[in-house]
Amino acid sequence: MTAVPAGRRRFAGLGKRARRSWLGPRQPYWGLLFVLPILVLFIVFKFLPILRAGYLSLTEYNPLERVETFVGFSNYTTLVGDAAFLNSLRVTMTYVVGTVTPLVVLSLGLALLLNQKIRGRGLFRVLIFLPAVIPIIVVPILWRFMYHPFGLVNTGIELFGLEGVNWLQSKDAVIPGFIIASEWRFVPLFMIIYLAGLQSIPEDLYDAAKVDGASTVQRFINVTIPLLKPTILVVVVVAVTFTAKTLVLALVMTNGGPDNASRTLSLFIYEMGFRFFRLGYASAAAMVLLVIIVVFTLINLRVFRTDD
Amino acid sequence: MGNRLRANGVALITYVLLAITAFIVLLPIFWMLSTSLKTPREVFQLPIEWIPSDPVWSNYPEAYDRIDFTRYFLNSMIVAGGVTILHVLLATMAGYGLAKYRFGGRQVLLLAIIATLVLPLEVIMIPLFLTVQDLGWLNTYQGLIVPVLADAFGVFLMRQYFLSLPNALIEAARIDGAGHVRTFFTIGIPLAWPAIATLAIFIFRETWDDFLWPLLIVTSSEMRTVPLGVRSFESAELSNFPQIMAISTIATIPLLILFFAFQRQFVRGIAMTGLRE
Numbered sequence: 370m371t372a373v374p375a376g377r378r379r380f381a382g383l384g385k386r387a388r389r390s391w392l393g394p395r396q397p398y399w400g401l402l403f404v405l406p407i408l409v410l411f412i413v414f415k416f417l418p419i420l421r422a423g424y425l426s427l428t429e430y431n432p433l434e435r436v437e438t439f440v441g442f443s444n445y446t447t448l449v450g451d452a453a454f455l456n457s458l459r460v461t462m463t464y465v466v467g468t469v470t471p472l473v474v475l476s477l478g479l480a481l482l483l484n485q486k487i488r489g490r491g492l493f494r495v496l497i498f499l500p501a502v503i504p505i506i507v508v509p510i511l512w513r514f515m516y517h518p519f520g521l522v523n524t525g526i527e528l529f530g531l532e533g534v535n536w537l538q539s540k541d542a543v544i545p546g547f548i549i550a551s552e553w554r555f556v557p558l559f560m561i562i563y564l565a566g567l568q569s570i571p572e573d574l575y576d577a578a579k580v581d582g583a584s585t586v587q588r589f590i591n592v593t594i595p596l597l598k599p600t601i602l603v604v605v606v607v608a609v610t611f612t613a614k615t616l617v618l619a620l621v622m623t624n625g626g627p628d629n630a631s632r633t634l635s636l637f638i639y640e641m642g643f644r645f646f647r648l649g650y651a652s653a654a655a656m657v658l659l660v661i662i663v664v665f666t667l668i669n670l671r672v673f674r675t676d677d
Numbered sequence: 440m441g442n443r444l445r446a447n448g449v450a451l452i453t454y455v456l457l458a459i460t461a462f463i464v465l466l467p468i469f470w471m472l473s474t475s476l477k478t479p480r481e482v483f484q485l486p487i488e489w490i491p492s493d494p495v496w497s498n499y500p501e502a503y504d505r506i507d508f509t510r511y512f513l514n515s516m517i518v519a520g521g522v523t524i525l526h527v528l529l530a531t532m533a534g535y536g537l538a539k540y541r542f543g544g545r546q547v548l549l550l551a552i553i554a555t556l557v558l559p560l561e562v563i564m565i566p567l568f569l570t571v572q573d574l575g576w577l578n579t580y581q582g583l584i585v586p587v588l589a590d591a592f593g594v595f596l597m598r599q600y601f602l603s604l605p606n607a608l609i610e611a612a613r614i615d616g617a618g619h620v621r622t623f624f625t626i627g628i629p630l631a632w633p634a635i636a637t638l639a640i641f642i643f644r645e646t647w648d649d650f651l652w653p654l655l656i657v658t659s660s661e662m663r664t665v666p667l668g669v670r671s672f673e674s675a676e677l678s679n680f681p682q683i684m685a686i687s688t689i690a691t692i693p694l695l696i697l698f699f700a701f702q703r704q705f706v707r708g709i710a711m712t713g714l715r716e
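Chains as they are written, first to last, in the numbering used here: chain Y, 370 to 677; chain R, 440 to 716.
Since the hints were derived computationally from the structure, they do not count as laboratory data. Take the hints with a grain of salt, since some may be wrong.
[What the hints assert, rightly or not] Going by beta-carbon spacing under 7 Å, a handful of chain R positions derived as facing chain Y:
1. 450
2. 467
3. 565
4. 670
5. 692
6. 694
Heads up, the beta-carbon is just placed ideally off N, CA and C, and yes, glycines get one too.
Construct all of the structure, not just a fragment, from the sequences and the given hints.
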């Protein structure tokens with residue numbers, strides 16, 4: 370065994386097997402040749418655009434002449450004082466927190482139920498998964514119909530003798546409405562990720578805990594949760610990225626209304642860019658969205674990694 | 440005995456909870472189907488007629504004919520099919536190169552590619568739109584296909600899969616004198632088939648379902664994909680709920696077929712988003 374520098378060992382997966390690869394040192398450029406085609410696409414359609422977004426955010430763009438003038442950080446200083454932008458930040462935060470928190474819990478609960486060895490669970494899995502098969506464009510259309518003043522949601526509420534809500538016309542109800550629709554769509558997806566995580570936990574760990582006299586609850590807290598930590602991390606990161614960027618829901622269901630109550634950050638970016646052609650300003654807002662997502666992902670990696 | 444009873448109790452509670460969940464989850468879908476067979480006047484009538492006594496089947500052909508759905512369907516097939524074939528090939532090549540060769544900078548390369556996983560389209564939609572506009576690709580198939588190919592998930596997935604495969608077969612092929620490219624196509628691809636199938640289903644579904652990118656670059660009606668077609672139908676019809684639900688159902692059917700035909704790959708692809716930490 371040769372000593373591997375500690376820093377390199379962290380690129381797990383690349384571990385020994387790859388290191389021993391005989392193909393490696395001899396014709397290394399072939400490896401690069403295999404990567405090259407998609408690398409070119411990444412450069413043109415990912416790396417350069419993100420640089421251009423950063424640059425655009427420092428300019429004012431004239432859509433008629435297609436020229437940009439460098440204006441320094443003025444777009445950012447304008448953003449800080451722009452009530453519409455601050456509102457979109459607030460809307461996005463409310464939506465993200467409101468959606469991700471129940472999502473993490475509900476999809477885990479459902480995965481635990483579906484991980485029981487009971488008859489007919491295959492059927493339940495398929496049935497409960499179905500909302501995730503519905504096309505993404507149909508989700509806001511269907512839920513706008515559900516939230517119609519005489520729609521199914523209000524019919525259900527009135528069944529319990531309560532008063533119906535004008536979901537998409539009320540400033541206070543619109544984001545809860547978004548959240549319910551999002552849970553409906555996303556819980557089945559994240560349930561699948563959890564199920565994969567649950568199934569990777571070795572059975573004998575539970576048996577061992579059982580022998581030691583651990584109750585179901587103790588087994589859940591001491592075996593399931595610690596071993597599920599990487600999965601929870603993924604669920605949280607993916608869920609936040611999913612929800613923080615949300616555009617289609619807001620665009621199709623309410624177009625930001627009523628009174629901007631559902632104008633998410635990405636809808637703000639979209640409208641600034643594609644309706645008002647203020648590309649520089651829209652790009653500055655896009656950089657803020659990027660920073661939010663990146664910072665959040667890094668925090669999560671930290672929180673979940675340190676005590677491993 | 441006591442244990443047995445308790446196990447039965449747990450199973451019972453599980454069944455009850457699952458049944459309630461399934462009921463709630465399926466209700467909107469069922470309402471969509473039942474509405475699609477009603478007349479506009481019947482839509483909000485109480486009590487709800489879940490199975491219309493006089494189903495208006497004609498909602499389906501009428502909604503279908505009201506827009507050029509066949510054209511949108513073909514567009515979606517071309518775009519999703521094209522993206523799937525090209526992306527799977529390029530991602531498999533890249534995964535193979537990254538897993539089976541050692542070359543300078545491959546770690547950096549891999550990290551740079553993986554980092555784009557947290558870079559949503561919403562962040563770069565403006566510069567990406569400008570790039571495609573500069574290329575003259577607005578309202579074209581290449582505009583709908585090529586930018587979508589730069590997706591990190593497939594590269595990462597294929598790299599992980601190739602890492603898990605032993606080198607023996609590849610080695611043998613090379614010793615027999617096969618070139619690098621031939622070894623890749625005759626040994627690499629067949630070995631990676633399970634991962635390729637999963638990736639293909641995943642990418643096809645994602646592309647078929649994508650709404651935002653086509654929305655940004657398609658303005659002509661003949662280049663619309665199915666999601667754009669559904670959207671335009673919905674904005675034009677506003678409160679003709681039966682036909683809106685009919686067109687929504689029509690748009691759901693291809694994905695439903697895909698799901699039931701490739702259930703395993705379908706689910707595995709989603710489960711594997713869990714691998715991407």
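Exercise. Any of the earlier hints contradicted here, and which numbers?
Worked result: 5
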